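Undergrad: Letter by letter, the chains look like this.
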Amino acid sequence: MDDVKPFIYPGDDGSKLKPGSRYENFIGGDWTKPKTGNYFENISPTSGKVICEIPRSNADDVNLALDAAHKAAPGWGKTGPAERSNILLKIADVIEQNAEKLSLAETLDNGKPIREPMAADIPLTVDHFRYFAGAIRAQEGTIGNIDGMQSGGGNSAQGMMAYHYPEPLGVVGQIIPWNFPILMAAWKLAPALAAGNAVVLKPAEQTPYSICVLMELIADLLPPGVVNVVQGYGVEAGKPLASSNRVKKIGFTGETTTGRLILQYASENLIPVTLELGGKSPNIFFKDIMNGGDEYLSRCVEGFLHAYFNQGEVCTCPSRAVVHEDIYEPFMEMVKKRVSVLNCGDPFDLNTQVGAQASSEQFDKIMSYLDVGKQEGASVIFGGEKRQMDGAYSNGYYVEPTAFKGDNSMRIFQEEIFGPVVSVTTFKDEAEAISIANDTLYGLGAGVWSKDANICYRMGRAIEAGRVWVNCYHSYPAHAAFGGYKNSGIGRETHKMMLNHYQQTKNVLVSYAEVPDGFF
Amino acid sequence: MIKRVLSTKKTDDLINELSKIHGLLVFHQSGGCCDGSSPMCFPRSEFRVGSRDIYLGNIGSQPFFMSEDQFEYWKHTQLIIDVVDGKGGMFSLEGPTGKRFLTRSRVYEENEINELLKNPPQIASNLSNIEGLKTTVN
Numbered sequence: 000m001d002d003v004k005p006f007i008y009p010g011d012d013g014s015k016l017k018p019g020s021r022y023e024n025f026i027g028g029d030w031t032k033p034k035t036g037n038y039f040e041n042i043s044p045t046s047g048k049v050i051c052e053i054p055r056s057n058a059d060d061v062n063l064a065l066d067a068a069h070k071a072a073p074g075w076g077k078t079g080p081a082e083r084s085n086i087l088l089k090i091a092d093v094i095e096q097n098a099e100k101l102s103l104a105e106t107l108d109n110g111k112p113i114r115e116p117m118a119a120d121i122p123l124t125v126d127h128f129r130y131f132a133g134a135i136r137a138q139e140g141t142i143g144n145i146d147g148m149q150s151g152g153g154n155s156a157q158g159m160m161a162y163h164y165p166e167p168l169g170v171v172g173q174i175i176p177w178n179f180p181i182l183m184a185a186w187k188l189a190p191a192l193a194a195g196n197a198v199v200l201k202p203a204e205q206t207p208y209s210i211c212v213l214m215e216l217i218a219d220l221l222p223p224g225v226v227n228v229v230q231g232y233g234v235e236a237g238k239p240l241a242s243s244n245r246v247k248k249i250g251f252t253g254e255t256t257t258g259r260l261i262l263q264y265a266s267e268n269l270i271p272v273t274l275e276l277g278g279k280s281p282n283i284f285f286k287d288i289m290n291g292g293d294e295y296l297s298r299c300v301e302g303f304l305h306a307y308f309n310q311g312e313v314c315t316c317p318s319r320a321v322v323h324e325d326i327y328e329p330f331m332e333m334v335k336k337r338v339s340v341l342n343c344g345d346p347f348d349l350n351t352q353v354g355a356q357a358s359s360e361q362f363d364k365i366m367s368y369l370d371v372g373k374q375e376g377a378s379v380i381f382g383g384e385k386r387q388m389d390g391a392y393s394n395g396y397y398v399e400p401t402a403f404k405g406d407n408s409m410r411i412f413q414e415e416i417f418g419p420v421v422s423v424t425t426f427k428d429e430a431e432a433i434s435i436a437n438d439t440l441y442g443l444g445a446g447v448w449s450k451d452a453n454i455c456y457r458m459g460r461a462i463e464a465g466r467v468w469v470n471c472y473h474s475y476p477a478h479a480a481f482g483g484y485k486n487s488g489i490g491r492e493t494h495k496m497m498l499n500h501y502q503q504t505k506n507v508l509v510s511y512a513e514v515p516d517g518f519f
Numbered sequence: 000m001i002k003r004v005l006s007t008k009k010t011d012d013l014i015n016e017l018s019k020i021h022g023l024l025v026f027h028q029s030g031g032c033c034d035g036s037s038p039m040c041f042p043r044s045e046f047r048v049g050s051r052d053i054y055l056g057n058i059g060s061q062p063f064f065m066s067e068d069q070f071e072y073w074k075h076t077q078l079i080i081d082v083v084d085g086k087g088g089m090f091s092l093e094g095p096t097g098k099r100f101l102t103r104s105r106v107y108e109e110n111e112i113n114e115l116l117k118n119p120p121q122i123a124s125n126l127s128n129i130e131g132l133k134t135t136v137n
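Heads up: the protein sequence lines correspond to chains A and B, in order.
Per numbering that gives the first Met the number 0, the first sequence starts with residue 0, numbered consecutively.
Per numbering that gives the first Met the number 0, the second sequence starts with residue 0, numbered consecutively.
Careful, some of the hints might be misleading.
[Unchecked claim] To spell it out: a stretch of chain B is covered by chain A in this simulated footprint if at least three of its residues, at any positions, have a beta carbon under 8 Å from a beta carbon of chain A; those stretches are: (1) 31 to 37; (2) 40 to 49; (3) 96 to 107.
[As the list claims (entries may be wrong)] Cut-off 25 Å, straight-line C-alpha distance, at most; resulting in silico cross-link-like pairs (DMTMM-like, lysine to aspartate or glutamate): (4) Lys373(A) to Asp12(B); (5) Lys74(B) to Asp370(A); (6) Lys495(A) to Glu166(A).
What the hints contain is simulated information worked out from the structure, not anything from laboratory work.
All figures in this text were calculated on a predicted structure; none of them were measured in a lab.
We put the CB at the ideal spot given by N, CA and C, even for glycine.
Chain B on its own, in the form it takes in the complex:
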């Protein structure tokens, strides 16, 4: 199965470091200005995922989401979550580490897109197997 979101070794290491401090985590792809287009990392018990947010998969065993309307514009690309030096990131947990998560992307080949179409992603409210996920259940 083709993954919609991947992580680099540096990302896995940073996720590991953060989960030792903060426990279960959740990622949410942001959009808009300033720190927009950055992946945000929060304690899973804190950030309420939108019930219609799209679940893209896990990185470092932590779930990764994006809003449904944003996904419509992003779905032809695979996300590769990397780590770079920097500070900021608003309330994202890695801010004080001097590292920032960064979304890199790869445009899918046509055959991959066909396969992905056969396996549409799930929305958050339909997920039952993610421990501690906060969302609205309809």
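So here's chain A without its partners, still in its complex pose:
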């Protein structure tokens, strides 16, 4: 891939993506100006340059979107699964055909190196729409035969049948994070739409642009009002959506305090909520990996480096490496060597492996944690500083891939830094590995590296996390449930069980008795 030229920066002469100067909310199938006429500037973290203007919406715009969604929901909810499934398949096709364009938009908006959306974000988005298109076709209600098959005589329990129909909730609200703007929208949109709901979606204000590119591509595939996108600040546009009494459910990915506030609002409206609130995922390397052969060992080293995927801005970032003490030195030598040849260049170059942090405040937060780690007495194995880029990218937000050596009681082992920072510690035996792995408030992801099937099994079951990767990491195929234990949240995404979170069960209980019960 060395010969491939970098993509031209979007908007520059000859570039394949030309962002508009201003975008609007997408409401009822139309691009709609915010009622106040206010916009904010959206900055690319790759360069610090303005991409476009984005509506600064408020409760009035949210209500307009809810009007559109409520108008659309009854009709959409009554469509057959085949029709909805076909629409999701068409959406997947269009996304697949425009993978390069959407990837450019994602890199521009979020800062991730372009090979990531090309290889992960966009193909996984396609996969999720196709998966839920299939899942809804295969979904069936159930029939329960309560007591006996005969009809006609007896009491009402005889010949009684319980019919269970999965029905949509109606209008749902979704609040999307900024780390995978399109993919996280897809995780929430695909099951909600498959289940027959109309959606009002609020993108993160840090990354509002790429979803506009997506909506431009798929707008004509959906009936008006089935998907509505309202842009703006969390407190001005997200909060009126989360607290609205006109949504039947809220799906949220974010952090714990806002998760609590969303549950608080939901308690006022008695609606369900799914939450994905992050983690501090342990990545555990057992002693036997050193005897697994060169290729396997190389895979394990790569497993450590998964912490730098998406600049560490992943809820399941393997940000705690837990390495057996006997192999610590040789293993970390191999990690260091691999990190030293990481390509941290132009985010629009397909060879680049580490890009920009998503925003200036995220950069500042990561820097504050590098400071905490040093104060706590953790030693810097490598990195630990700001990464200064040249030329057009000199004002972007870049951090060196970093590893600290320390112990699990340190804050850098306990808090989601959401940056390219791994905190490394050692363990003596399996019991200590489990103890370290579970000594955390969170339980979203974990990694186990060993060729001993029994170790893998025991660890997989003992770690208190919703997803344990064994001899792999950062795979997010649809069809494998994803969600948190402990403070990491409520609900399971990327699996057909997410349909249940977007549906309610209608039970029709029918008696085929033809004589009185005799009660009265």
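Following the hints, complete the assembly by docking chain B onto the known chain A.
TA: The following block gives chain B in isolation, referenced to the frame of chain A:
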């Protein structure tokens, strides 16, 4: 007495600005992904503080809380709430100002930790002197 949470001049100014618009405020230290690890600022009349949340003190005369389990991992550090440029912060009130509150930290010296141990912090349900605080009273 050693303070568990401090604010910078910029923070005091921003709190002042926000309290003129929104009245009494409350801070809650978040955790987890995305905007996690950020201090969130809400109208005091709106955010329900957990009854077992730890009260760390006031900044700009507004109370600052953190969940009890999170405090266990944070208690060896003093929090210094600063302000940086940026947007976001979910439902935190400063989002639209183009500024964000940011938690910086200082690891306590050993003698400070000893003194802090003698003065354990209070949980929210035991507080009676914070006007307008919403929490569950057991």
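Undergrad: For each hint, tell me whether it holds in the structure or not.
TA: So, going through the hints one by one against the coordinates:
| no. | hint | result |
| --- | --- | --- |
| 1 | 31 to 37 | holds (count 7) |
| 2 | 40 to 49 | holds (count 4) |
| 3 | 96 to 107 | holds (count 7) |
| 4 | Lys373(A) to Asp12(B) | 29 Å, violated |
| 5 | Lys74(B) to Asp370(A) | 17 Å, holds |
| 6 | Lys495(A) to Glu166(A) | 15 Å, holds |
The structure shown violates just one earlier hint, number 4.
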